[in-house]
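All chains should be modelled from the sequences, with the hints used to inform the complete structure.
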Amino acid sequence: MKKNNFFTNMFSRQMRGRTTSFLIVIIAYAVLQTMIGTGSLTRLFTSLLVPICAYIVAAIGLNMNVGFSGELNLGQAGFMAVGGFTAAIVSGMLATAVPNEILRLFIAIICGSAMSALFGLLISIPVLKLQGDYLAIVTLAFGQILMSVVTNLYVGVDAAGLHFSFVTNNITLGEGGTMLISGPMGATGISKISTFTAGIVLILVSLLIVYHLIYSKEGRAIQACRDNRIAAETVGINVSRTKTLAFVVSACLAGAAGALYVLNYTSVVATKFDFNTSILILVYVVLGGLGNMTGTIVATTLLVALPEMLRFLSTYRMLIYAIVLIVMMLVTNNEKLKTMLQKMKNKSNKNKEETAE
Amino acid sequence: MTETKTPVLEIKDLGIDFGGLTAVNDLNMQVYPGEIYGLIGPNGAGKTTVFNMLTKVYQPTRGTITLDGQDMAKLNPVEANKAGVARTFQNIRLFSNMTVLDNVKIGLHNSVNYSTMTAILRLPKYRTEERKADEEAMELLKLFGLDDKAAMSAGNLPYGAQRRLEIARALATHPKLLLLDEPAAGMNPQETQELMDMIRTVRDHFKIAILLIEHDMKLVMGICDRITVLNYGMLLAQGVPAEIKANPEVIKAYIGE
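Protein chains in written order, with this note's numbering: chain A, 1 to 357; chain B, 1 to 257.
No lab work stands behind these hints, which were simulated from the structure alone.
Think about it this way: if two alpha-carbon atoms lie no more than 30 Å apart in a straight line, the pair counts; the simulated DSSO-like pairs of lysine-lysine are:
{"id": "1", "chain 1": "A", "residue 1": "338", "chain 2": "B", "residue 2": "149"}
{"id": "2", "chain 1": "B", "residue 1": "74", "chain 2": "A", "residue 2": "129"}
{"id": "3", "chain 1": "B", "residue 1": "176", "chain 2": "B", "residue 2": "132"}
In structure tokens, the structure reads:
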């Protein structure tokens, strides 16, 4: 009897965090959809919905790597670029073959995340030989490299198929051909097929993947390697394989996020996915809480929306944004505040007990 | 007494150099199934180095290690564990941010049998395998009196309980040979007594060989079937506790002349 109780307790503990995340996303979706329906959302905010979804997915992926695997990755935006531009190419190629936009978006996101996962796997080979600060610096470099590669890439499509060119554009397209990616100009002529609903579905799928992975033997192994690498080895866990898995899943989700992001615009330049974007995603993860998916979702939403909502402050906008960031960091890491909250909690519990008596 | 059986662990002419320094040299010993074997010696004698060679954290410079007939020369630490060597550490190395139950379940990592895809898709196999792991882990925790603390985070356990959890985690990997590195360090006499009983229980329950490093002479003389004494990386004496106690070389190494 006691045993059964114990298992249900453990199970519900797992479930609670998960249920909260899913509920928040679904409720937010329901509320926002009705607001869009009644037209009470400003155009500015409506245009932010898909990017917010994309950043949330990228942040969930990064939290997998930083929160659970314990490796600082400063190249998440690079993986978004790879996924996004792959998706732009795929979507451009299939424009006539697959007229159904939802299906085309689905295929593009799958291809984007697969390509990003492949790059993640290749990059993890040299990167995961390093630890700590060195690993962070090298992921930063790889993020920049991925972005630069995409910036110098020319891709065109015509009846004969895809044409690639690097650094200089020497593609001559046949009749009816279009350029999909034209170097520094970025991806041009994309058909906007990302929708808010698709974004929400992608968030839910990412949450499902991450939660299911964490509460499995591989997830336990990932956390074990973070907590104590040597002990993990001596209980028979292959540390490099485990770290690679976390890194690839993280890259894969970033790729999906990039695909969703790029297909939301008619043209996107690769420099959008630079070092600053990587850092921003990291900020969302850190402020949301390492290993805390619900926190990541909330922090990302607030911090993506904030600069836009502060637009009325014009030149002071980024100053206020920075101050808000600093205050949030101070507040969430404040020991005094934490003990105060704990005391209040204890007090209210005591009061409850007293009234119960 | 167990001389007729084949040894579970056989060490022949084992040695390791770090640069010009010879840390361990010419070590020979055999551990038989069901035996509790003590490895003692003054500080810096090379005891933990021997453990690190047995778990393949260090690659020996000379000699061979044979575990249950298998040559361990080409194994890495992960393969050494799969071959049947599990250990605890002198300075406790738990996964302190994870629950007590999860710590043991990590020990079961290689016996839980489902793929990553099965986990992500939550196929029925995931559920049955996880349940099996939960049950086995709880059984182990019960044996070590930790079953009521299963949901606690391992870092919050009291010191003695952390040491017990480390042994439980090592046993979860189904070893043939269990290495305990100073299991009684930091324990009071009563806790040490309990630990001794527990080590015997582990041996009888799992029918495995236990090799332990310890400074607490009461514990070593009390539970070990045989003892090897190391000094400056060299074998100083080998035998049953009574012989070791009476050996003038051993007394000299420990107390001085």
